[in-house]
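Can you build the whole structure from these sequences, using the hints too?
Chains as they are written, first to last, in this note's numbering: chain A, 7 to 445; chain B, 7 to 445.
One or more hints might be untrue.
All copies of an identical chain are treated as equivalent in the list; a pair is satisfied when it fits inside any one copy or across any two copies.
As the list claims (entries may be wrong) - Straight-line alpha carbon distances no greater than 30 angstroms define the calculated BS3-like cross-link-like pairs of lysine-lysine that follow:
{"id": "1", "residue 1": "LYS285", "residue 2": "LYS68"}
{"id": "2", "residue 1": "LYS250", "residue 2": "LYS68"}
{"id": "3", "residue 1": "LYS263", "residue 2": "LYS363"}
{"id": "4", "residue 1": "LYS126", "residue 2": "LYS183"}
{"id": "5", "residue 1": "LYS285", "residue 2": "LYS125"}
{"id": "6", "residue 1": "LYS257", "residue 2": "LYS285"}
{"id": "7", "residue 1": "LYS344", "residue 2": "LYS125"}
The hints are simulated quantities; they were obtained by calculation from the structure and are not laboratory data.
One letter stands for each residue in the lines below.
Number of protein chains: 2
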Amino acid sequence: MARRHVWTMTSVTVAAGVLTIALANAQPQLPPAENSDPVQLGLMQGFPPAPDRIVTLQNALKFPNNRWGWHNIRQLGPTAAVWRGRGGPSPLPAAPVELDRISFADESGTSTTIADWQKKTLTDAILVLHRGRVAYERYYVGMRPEEPHALWSATKSVTGLLATLLVHEGKIDRDAKVSTYLPELADTAWGDASVQQVMDMTTGVRYREAFAPSAETGTVLLYLFSNGLVPAPANYPGPRTMFKYLETLKKDGEHGKAFSYKSVDTEVLGWIVRRVSGKRMSELLSERIWSEIGAEEDAYVWVDQAGTEVTAIGLSATLRDLARFGEMLRLGGSINGKRVLPQAVVDEIRKGGDRDKFKAGDSTPPRTGYSFHNQWWIAHDPDGSFEAHGLNSQHIHINPAAELVVVKFSSHSSESRVTHALARRAYAALAAALRDRPR
Amino acid sequence: MARRHVWTMTSVTVAAGVLTIALANAQPQLPPAENSDPVQLGLMQGFPPAPDRIVTLQNALKFPNNRWGWHNIRQLGPTAAVWRGRGGPSPLPAAPVELDRISFADESGTSTTIADWQKKTLTDAILVLHRGRVAYERYYVGMRPEEPHALWSATKSVTGLLATLLVHEGKIDRDAKVSTYLPELADTAWGDASVQQVMDMTTGVRYREAFAPSAETGTVLLYLFSNGLVPAPANYPGPRTMFKYLETLKKDGEHGKAFSYKSVDTEVLGWIVRRVSGKRMSELLSERIWSEIGAEEDAYVWVDQAGTEVTAIGLSATLRDLARFGEMLRLGGSINGKRVLPQAVVDEIRKGGDRDKFKAGDSTPPRTGYSFHNQWWIAHDPDGSFEAHGLNSQHIHINPAAELVVVKFSSHSSESRVTHALARRAYAALAAALRDRPR
Numbered sequence: 007m008a009r010r011h012v013w014t015m016t017s018v019t020v021a022a023g024v025l026t027i028a029l030a031n032a033q034p035q036l037p038p039a040e041n042s043d044p045v046q047l048g049l050m051q052g053f054p055p056a057p058d059r060i061v062t063l064q065n066a067l068k069f070p071n072n073r074w075g076w077h078n079i080r081q082l083g084p085t086a087a088v089w090r091g092r093g094g095p096s097p098l099p100a101a102p103v104e105l106d107r108i109s110f111a112d113e114s115g116t117s118t119t120i121a122d123w124q125k126k127t128l129t130d131a132i133l134v135l136h137r138g139r140v141a142y143e144r145y146y147v148g149m150r151p152e153e154p155h156a157l158w159s160a161t162k163s164v165t166g167l168l169a170t171l172l173v174h175e176g177k178i179d180r181d182a183k184v185s186t187y188l189p190e191l192a193d194t195a196w197g198d199a200s201v202q203q204v205m206d207m208t209t210g211v212r213y214r215e216a217f218a219p220s221a222e223t224g225t226v227l228l229y230l231f232s233n234g235l236v237p238a239p240a241n242y243p244g245p246r247t248m249f250k251y252l253e254t255l256k257k258d259g260e261h262g263k264a265f266s267y268k269s270v271d272t273e274v275l276g277w278i279v280r281r282v283s284g285k286r287m288s289e290l291l292s293e294r295i296w297s298e299i300g301a302e303e304d305a306y307v308w309v310d311q312a313g314t315e316v317t318a319i320g321l322s323a324t325l326r327d328l329a330r331f332g333e334m335l336r337l338g339g340s341i342n343g344k345r346v347l348p349q350a351v352v353d354e355i356r357k358g359g360d361r362d363k364f365k366a367g368d369s370t371p372p373r374t375g376y377s378f379h380n381q382w383w384i385a386h387d388p389d390g391s392f393e394a395h396g397l398n399s400q401h402i403h404i405n406p407a408a409e410l411v412v413v414k415f416s417s418h419s420s421e422s423r424v425t426h427a428l429a430r431r432a433y434a435a436l437a438a439a440l441r442d443r444p445r
Numbered sequence: 007m008a009r010r011h012v013w014t015m016t017s018v019t020v021a022a023g024v025l026t027i028a029l030a031n032a033q034p035q036l037p038p039a040e041n042s043d044p045v046q047l048g049l050m051q052g053f054p055p056a057p058d059r060i061v062t063l064q065n066a067l068k069f070p071n072n073r074w075g076w077h078n079i080r081q082l083g084p085t086a087a088v089w090r091g092r093g094g095p096s097p098l099p100a101a102p103v104e105l106d107r108i109s110f111a112d113e114s115g116t117s118t119t120i121a122d123w124q125k126k127t128l129t130d131a132i133l134v135l136h137r138g139r140v141a142y143e144r145y146y147v148g149m150r151p152e153e154p155h156a157l158w159s160a161t162k163s164v165t166g167l168l169a170t171l172l173v174h175e176g177k178i179d180r181d182a183k184v185s186t187y188l189p190e191l192a193d194t195a196w197g198d199a200s201v202q203q204v205m206d207m208t209t210g211v212r213y214r215e216a217f218a219p220s221a222e223t224g225t226v227l228l229y230l231f232s233n234g235l236v237p238a239p240a241n242y243p244g245p246r247t248m249f250k251y252l253e254t255l256k257k258d259g260e261h262g263k264a265f266s267y268k269s270v271d272t273e274v275l276g277w278i279v280r281r282v283s284g285k286r287m288s289e290l291l292s293e294r295i296w297s298e299i300g301a302e303e304d305a306y307v308w309v310d311q312a313g314t315e316v317t318a319i320g321l322s323a324t325l326r327d328l329a330r331f332g333e334m335l336r337l338g339g340s341i342n343g344k345r346v347l348p349q350a351v352v353d354e355i356r357k358g359g360d361r362d363k364f365k366a367g368d369s370t371p372p373r374t375g376y377s378f379h380n381q382w383w384i385a386h387d388p389d390g391s392f393e394a395h396g397l398n399s400q401h402i403h404i405n406p407a408a409e410l411v412v413v414k415f416s417s418h419s420s421e422s423r424v425t426h427a428l429a430r431r432a433y434a435a436l437a438a439a440l441r442d443r444p445r
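Dropping the structure here:
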């Protein structure tokens with residue numbers, strides 16, 4: 007521990023390049039969409055690409071490299087397939103609706119449109135599913151429907167769903183201590199945390215999901231070094247696998263008091279899910295969900311140097327398959343008349359978590375009125391919306407009352423705080439435009 | 007150039023680990039199949055796997071790590087998908103035949119069986135297709151039908167087929183100089199070589215496909231460092247992308263005189279195919295072949311740090327899809343009544359190359375009577391057999407007269423010289439057992 011912190015705080019020069027790249031993404035403004043199309047820019051185009059147009063793991067976080075990178079992560083490092091199964095794709099019928107010119111007011115009161123919103127938020131692809139039919143589907147940045155796109159932290163909600171399923175099946179006791187399942191973590195922050203606290207991210211861990219290094223809490227870079235999504239400097243002495251990294255983290259404050267967003271909680275949860283099921287996450291996800299919803303394409307998940315899937319931020323999947331996934335959840339666990347999950351599993355997620363603990367927490371962007379439960383963002387709005395969110399505004403928005411699912415991929419250079427409020431308004435506008443349409 | 011050679015020859019300590027690993031595979035004996043099952047050994051099993059059971063790119067070449075590694079290469083590094091298309095899998099009907107006890111004589115005259123041969127040669131999976139029906143299909147080492155397996159150098163034949171197709175379409179002039187298409191290589195070994203010489207590997211290049219370093223020819227490790235399939239030492243000063251590496255290679259001897267096996271010729275050919283088609287190899291392979299034969303699963307291909315697919319050794323595909331691929335070639339370019347390639351393309355490959363130039367060359371294992379043409383091994387036997395071969399005996403064996411296709415994956419620790427002669431005898435035994443069966 008000490009040694010790692012010494013390294014983190016004093017060897018800034020070593021990590022300077024990485025930090026610069028990472029922090030370049032923390033500007034609270036969106037860059038203009040113009041001139042960031044990766045195909046027009048020649049990113050990874052040509053044989054070979056121009057030297058300054060090569061996207062690598064070292065520079066992928068830096069805008070506009072992420073415009074190519076987020077739908078091509080497998081080309082940057084090791085991944086495991088999430089097999090779609092042998093059943094063939096389930097139907098996803100089209101019923102197009104003209105939505106581009108739907109207008110709504112942004113936070114400043116200025117009128118904007120669904121088309122402008124997509125451009126402004128550097129959208130890579132978007133699909134609007136209404137009553138199970140594809141009302142609207144667009145791809146940009148050279149993306150194709152069969153190409154998986156990085157979900158980043160929206161991965162957490164998939165992991166949370168699997169965990170909720172195992173709780174429902176009695177395989178995980180949500181009130182048990184983490185160390186019941188993972189004795190490896192007995193002497194860490196999680197030793198006396200409950201599984202439910204991990205699922206709701208109300209644990210107290212000396213860790214903050216921030217790029218800027220702090221002597222108190224380290225930096226999220228150490229987590230990224232441990233899973234390889236950011237290459238560790240050659241002389242980095244810290245853990246280079248996730249499980250080893252988790253074993254270094256200590257308790258900070260009390261468990262169960264307030265929401266505190268952290269990917270490492272999800273990795274602990276993913277570890278429990280594997281330990282209990284005896285299956286790799288990629289295998290379990292394939293068996294229990296991907297093959298069951300009739301996914302059209304394999305998904306994939308980033309793995310660390312020990313072959314451990316990154317269950318907090320590692321999944322990539324296609325727009326259409328995430329639409330099927332969202333639709334299954336909208337319908338309480340069924341799709342096309344086929345039950346995938348017990349209704350109780352979806353109900354458990356939708357009931358949400360403790361809103362006071364959430365308010366006392368550190369949601370960035372601020373998600374007023376939300377709670378975070380079983381790794382899902384619950385809006386507590388009249389429509390019963392619940393959502394999965396990832397870096398650069400990867401979104402799965404499920405609005406049961408409006409019979410609406412929106413999946414949106416983006417690749418911008420600001421944190422989601424700028425785009426979250428706008429997205430909420432856009433989703434409300436889509437719901438308003440679609441909910442009263444005749445059947 | 008000089009600097010790289012100095013590094014290679016003097017800094018043995020730096021590369022010693024890598025070399026040891028690589029050379030461990032060059033023993034001319036097969037290890038016993040017993041106790042090498044990766045599941046029983048616990049390779050990459052458990053959460054986390056035991057520290058000495060973790061397979062990484064650093065140790066994957068070392069037996070028995072390759073027993074897990076060769077059907078999980080995407081978990082070790084960057085890959086690009088070869089999409090199977092939207093057509094759904096083409097039929098691959100089963101018509102099982104009991105073949106395990108078919109016996110044949112090995113080179114010493116001792117009787118063996120199809121079952122024993124598979125065990126002895128550390129088979130990962132095998133499929134025998136007779137008259138388009140699956141007569142026999144087995145998976146070992148925990149492999150599943152949907153999992154792609156590394157083809158290693160059998161990749162070359164896929165690249166060669168695409169090149170032959172572009173020659174047929176008039177897009178590549180096989181008599182043109184390489185530098186016509188790749189001015190980048192004007193001052194290299196290939197500047198005055200013809201495309202056909204590259205396709206047949208009769209170029210003279212200061213390069214030998216050998217792990218043991220030589221002051222004259224370097225080592226295949228430099229090629230592997232350039233594409234990342236063997237991690238380059240941190241202080242390695244040489245090229246870390248394949249195209250840059252190709253630009254360093256100089257002429258040695260005359261072009262067109264003798265067969266000289268080398269992956270770098272195939273990489274030059276793959277570069278030409280991209281330059282001419284304007285497409286990535288993964289894209290072209292998907293469009294022209296994988297989607298056309300009705301592949302069941304996506305294949306994938308290893309990419310270097312510039313996103314360049316490794317077209318000599320980088321492809322992984324499933325057993326069944328390679329059976330479809332072989333069947334299409336057996337039938338002269340059609341499968342299930344659908345034409346995929348012009349008959350002339352397959353005829354061009356099957357006619358073979360110059361057998362005298364081949365005999366004057368360096369085939370390892372010795373392939374008596376063969377020639378190498380357009381990146382395919384042509385047996386010149388009465389049945390008209392032609393084959394794709396890869397490291398550790400990855401095989402696609404096509405016997406038109408016996409209406410037979412055999413695809414075999416293996417992961418052993420010797421070079422193919424031990425197993426090639428035995429495989430030829432096994433294929434002959436399979437042909438004899440199947441060819442006269444009533445229709």
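Please flag the earlier hints that this structure goes against, numbers listed from lowest up. Checked against the structure, the hints that fail are numbers 4, 7, while the rest are satisfied.
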